[in-house]
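Trainee: Residues per chain are reported as follows:
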Amino acid sequence: MAVEVNDVPDDTRKLVTIITETVLELDICEALEELGAAGYTISNARGKGSRGVRDAGWASSGNIRIEIVCSDEVAKRITGHMRSHYYDDYAMIIFESDVRVLRPDKFA
Amino acid sequence: MAVEVNDVPDDTRKLVTIITETVLELDICEALEELGAAGYTISNARGKGSRGVRDAGWASSGNIRIEIVCSDEVAKRITGHMRSHYYDDYAMIIFESDVRVLRPDKFA
Amino acid sequence: MAVEVNDVPDDTRKLVTIITETVLELDICEALEELGAAGYTISNARGKGSRGVRDAGWASSGNIRIEIVCSDEVAKRITGHMRSHYYDDYAMIIFESDVRVLRPDKFA
Amino acid sequence: MDPVIWFFALGLIAGLAKSDLRMPPAVYDLLSMLLLLTIGLKGGVELAKAPFGGLAPQIVAVLAMGFLLPFLLFPIAHWVGRLARADAASLAAHYGSVSVATFAVGVAFLVDRNVSYDSQLPLFLVLLEVPAIVVGILLARRGRSNVSWGKLLHEIFFGKSIVLLVGGLLIGWLAGPDGVRSLEPLFFDLFKGVLALFLLEMGLIAASQARTLRQSGLFLVLFGILVPVPMATLGAVVGWAIGLSVGGTTLLAVLAGSASYIAAPAAIRIAVPEANPTLSLTASLGVTFPFNIFAGIPIYFTIASMLHGGGG
Amino acid sequence: MDPVIWFFALGLIAGLAKSDLRMPPAVYDLLSMLLLLTIGLKGGVELAKAPFGGLAPQIVAVLAMGFLLPFLLFPIAHWVGRLARADAASLAAHYGSVSVATFAVGVAFLVDRNVSYDSQLPLFLVLLEVPAIVVGILLARRGRSNVSWGKLLHEIFFGKSIVLLVGGLLIGWLAGPDGVRSLEPLFFDLFKGVLALFLLEMGLIAASQARTLRQSGLFLVLFGILVPVPMATLGAVVGWAIGLSVGGTTLLAVLAGSASYIAAPAAIRIAVPEANPTLSLTASLGVTFPFNIFAGIPIYFTIASMLHGGGG
Amino acid sequence: MDPVIWFFALGLIAGLAKSDLRMPPAVYDLLSMLLLLTIGLKGGVELAKAPFGGLAPQIVAVLAMGFLLPFLLFPIAHWVGRLARADAASLAAHYGSVSVATFAVGVAFLVDRNVSYDSQLPLFLVLLEVPAIVVGILLARRGRSNVSWGKLLHEIFFGKSIVLLVGGLLIGWLAGPDGVRSLEPLFFDLFKGVLALFLLEMGLIAASQARTLRQSGLFLVLFGILVPVPMATLGAVVGWAIGLSVGGTTLLAVLAGSASYIAAPAAIRIAVPEANPTLSLTASLGVTFPFNIFAGIPIYFTIASMLHGGGG
Ligand SMILES: Nc1ncnc2c1ncn2[C@@H]1O[C@H](COP(=O)(O)O)[C@@H](O)[C@H]1O
Ligand SMILES: Nc1ncnc2c1ncn2[C@@H]1O[C@H](COP(=O)(O)O)[C@@H](O)[C@H]1O
Ligand SMILES: Nc1ncnc2c1ncn2[C@@H]1O[C@H](COP(=O)(O)O)[C@@H](O)[C@H]1O
Ligand code: NA
Ligand code: NA
Ligand code: NA
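Order-wise, the sequence lines are chains A, B, C, D, E and F.
Using the working numbering, read the first sequence as starting at 1 and increasing by one per residue.
Using the working numbering, read the second sequence as starting at 1 and increasing by one per residue.
Using the working numbering, read the third sequence as starting at 1 and increasing by one per residue.
Using the working numbering, read the fourth sequence as starting at 1 and increasing by one per residue.
Using the working numbering, read the fifth sequence as starting at 1 and increasing by one per residue.
Using the working numbering, read the sixth sequence as starting at 1 and increasing by one per residue.
Simulated from the structure, these hints should not be mistaken for laboratory data.
Cβ coordinates follow ideal geometry from the N, Cα and C atoms, glycine included.
Wrong hints could be hidden among the right ones.
[What the hints assert, rightly or not] Derived DEER-like restraints, expressed as beta-carbon distance ranges:
| # | chain 1 | residue 1 | chain 2 | residue 2 | range |
| --- | --- | --- | --- | --- | --- |
| 1 | F | L68 | D | D112 | 31 to 41 angstroms |
| 2 | D | L226 | C | R51 | 55 to 65 angstroms |
| 3 | A | E25 | C | R51 | 12 to 22 angstroms |
| 4 | A | E25 | F | A17 | 34 to 44 angstroms |
| 5 | B | Y90 | C | D11 | 13 to 23 angstroms |
| 6 | C | D11 | B | P104 | 22 to 32 angstroms |
Looking at chain A on its own, in the form it has when it is part of the complex (with noise of 0.2 angstroms):
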């Protein structure tokens, strides 16, 4: 009974997804730390948008896809952050989500 319980996840936490350009990656991975999420996860895109088609193709012109999940005050410091300094000048969208985490623990 008590395994059932468990594996129920029933903590909730934002999920906060980021896509923008590839050469911010380092500059955010940086920022994210330092605002506070436990982790996050990359991977690659391509896309369209206000600023025209993103395509991996040609080396720096890919996007990339952030997921973080994070607690309420996290996500709102991180969406702060994007939005004062990003948002004017680069290919960026964010949108948020709750979900459900097995070990909440492990996300600040």
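Fit chains B, C, D, E and F with the ligands to the given chain A structure using the hints.
Mentor: Same frame as chain A, now just chains B, C, D, E and F with the ligands:
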């Protein structure tokens, strides 16, 4: 204060995720624009479903994963289009969830 | 009318996302089938967590990102299996959310 | 046996034994680009050396063969094989079109035996890629065309294999033997090595078709083995009739007897979506390709030699 | 014309015709690594053969030219072209810096004509990459620096192109002609082939800039065509003044007349985020690069020959 | 010093200086495939030239050494290094197994000095990969086996490195010197260049281990430097005892003194999940690999020469 309020993404949009065959990339991108999506993000994937294993090892045998953040209206149009054009003949799944976005005006 | 109703994905399933070490790909895929998942989607990723930086640059040092759309029941079994088999010894996080799917019958 | 063929066997065995050996898609792309450019450049240089006369009638004959082949194949697949119309048409398109890798192994086979071949063969390779695909689509659609032909033909003609083949041909022809000299170390000297790596991957891919093969039953295997020889014989007769050398006749037979696994699958997937893509691909890659490189090419060479009055 | 240039044309045409021909990013990375290491190694081996004396004054002259160029370019872009300050500064940084691919085509051009060049040219290539970027950033910031220079300079100096060029130079110099012999098959013999593939991809990339080009109107095209020749002439004069050979003078002109599309875009994107990145990249890749490899290099060679009293 | 080693140093420095130089995983895979096939092919061709007699006793001796080594290493790591049982067993598995890259540098070292080596060495490379991994797993499990051995051994034996090595061996042996001739430009002529690029990446990877190294303290460094020489000496004695030439003795010493960083990490990660994977990898890649290519190989050559009565 105003800043904090701004930083909390509180406007809701749909996140539509399509997983399908690589070969459809161009066709679907064109369709998405016609259906009114303001943008999309694509990454490569592999997987298994009712049509068997699909792996990117062999040229056109991989999958792509397409994400579109959009309004209810556009989401409905996209899922309808996919269902009527591709669902019967191609490996494809679609799912949808709600996300909060930072700058609602960026998304149709 | 009927079409419109069809096009609104209104049946809910769980979306389970697992981020873990590349080396587990084969094992986990086999397990997912045994646990009753009708399918899964995998993409390559890199990231940082409690076990440090994991980057795909070096052969087996990357991460994979596995997504499974499934019923509550199967989701519970998957998270339970991951927790008991891998969570202690491998870099791994799991999170879960609700998604609406277009053709519920496609997902166990 | 040419060692490059052992690389195919190695890939096949590794794949069947479920080895974790994989070739990254990027490497596969690089190898196929090199092969296509090399074949094109070689042809172009030869064309520059021995300027051709009276090519027009040959081109007409080759194109006619390309249009004819799928009409011969469709009935077999549809009525003998009892495949659905779309599947039979897809199979006809794949087998009517051509395989660059098989052609490359054929070239290597001839080079090993010091048999020269006519310089226009790479051009014929290009010519034969398209007609069967068009016919296959028409057969699937019963002539009723809700296909957007403009877009489709554009996709086929500007598909990467044709662009690289034709590009290589033109560059080789413009630059001539001297101009191409500095490119030889990459494109010509490494040719066999590149082909070996490519065949290793082809073996891995063929192995991945094995499960489908077991499921789809006997017909695909029989089709994949029995169809190439008569098709190749037709190709050889055409080659002999239009005056090609023994080497050229062999390669035209190889082209006729080979089945497409790049251009055809991509085009048919879009234009005939209801056809099951794994059927044609499995037959083409899992049966006919291995058959051709192990047994077919030597047979076609014998046929060509006999047509030219030699003993094989 | 050198056949490698046809590969650029092939890529350009394929891209404009919307072919599905793509080069995987991994292959692009491999090719550019090979080119950078080859250029470095060649330079290093030459340096080892003919130890240089009095290089210091040459270095000062070349660096001075590197700092000067963007100051000449910025006013043209800002006042003549009416570009915003950030955009004009970005353009000045791109054109003041250098293009490795153009340099490689220049080297191939000289090798074809058996014209030797001074061994320190690869070193000058390295020296010229950085100054214009620094000046461009200062111009954009009007001297006010909220730029974290430490981090930025680190990023530029340890950027992969400089690491590979300098690394190749040092290894070539340490190993000398004999030590490098066993590396020649990969790095030297394949050079032209690798360059050909790289230019194919450059053509594809240039084609993808075409749409921006149509939008941004005439100024970019004019800038991209009219600016290189006077810049290159300045480079040729400097080269002649510091005593370079005809080949060396040609290559310094090529460097001055070429525009960066790797180091500059990356650095400027971070340090001057408000500059529109597609403007500079389109001019550099879509206009100046093709201009230089088709028309510029022969012109610069003629200028260099004339400066040295030859007829061209 | 062999210039290929400078490429390792270049990668190491670039990595430590946090350069953005990266080698795409696909390129790494291509390079390692080429190295493995080359080593296999070379060995196979040699075997075909000088058919071996009485290989059986040599194989027994080499396998015995492979099983023995981890038993010698485990106590050092467990009791001297005070590592947990699982970590000590993992380290024993890594160091008992072998490194293909170190072997390749050893081959290059001998070729440079015109020292020939026995044709069965690539075979020994294959033989030595597996036993130590099996013993390491048994040590970690204290003999209690909840390991699914069937699956695990399949994974090791059909792991890509063994498949390519054995495949290369067989193809080289079947094709013989003449058959392989057309493959030489890619597999043999480019060998040193490919090795250089591979070592560049190894340097980058070794640099990424540096931080772990600082954290894990002194023991790993000492273990990684002090353990190879006695192990290699054992290998040299075995090689001398079974009648290998100086070159062969050197390479068997290199194998014994090297530590695995491909097969062992993958297998141990699955079979001994509680072992910290970074410990063994850091020692193997970050300490022992550089030690061996810079200092170890010349030492082992001296030891082998002394055993054979030469002066070194
Ligand atoms: N509506 C959207 N849905 C999904 N992805 C988007 C959307 N809009 C933009 N993106 C992604 O975000 C990147 C930057 O967007 P933008 O700043 O609008 O150019 C694009 O290249 C896309 O990958
Ligand atoms: N239940 C599932 N969960 C996650 N991904 C799936 C699922 N079913 C199918 N997929 C993905 O969607 C692709 C097409 O699915 P299908 O049409 O069922 O073959 C598969 O190759 C998988 O990548
Ligand atoms: N808070 C987080 N948000 C997003 N991804 C994470 C987070 N924590 C860990 N990860 C990912 O999960 C992998 C394993 O995590 P860990 O077991 O904590 O090392 C990491 O390499 C990341 O890719
Ligand atoms: Na055919
Ligand atoms: Na310049
Ligand atoms: Na060892």
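Trainee: Does each hint fit the structure? Answer for all of them.
Mentor: Structure-based check of all given hints:
{"no.": "1", "hint": "F:L68 <-> D:D112: 31 to 41 angstroms", "in the structure": "47 angstroms, violated"}
{"no.": "2", "hint": "D:L226 <-> C:R51: 55 to 65 angstroms", "in the structure": "57 angstroms, holds"}
{"no.": "3", "hint": "A:E25 <-> C:R51: 12 to 22 angstroms", "in the structure": "20 angstroms, holds"}
{"no.": "4", "hint": "A:E25 <-> F:A17: 34 to 44 angstroms", "in the structure": "18 angstroms, violated"}
{"no.": "5", "hint": "B:Y90 <-> C:D11: 13 to 23 angstroms", "in the structure": "21 angstroms, holds"}
{"no.": "6", "hint": "C:D11 <-> B:P104: 22 to 32 angstroms", "in the structure": "27 angstroms, holds"}
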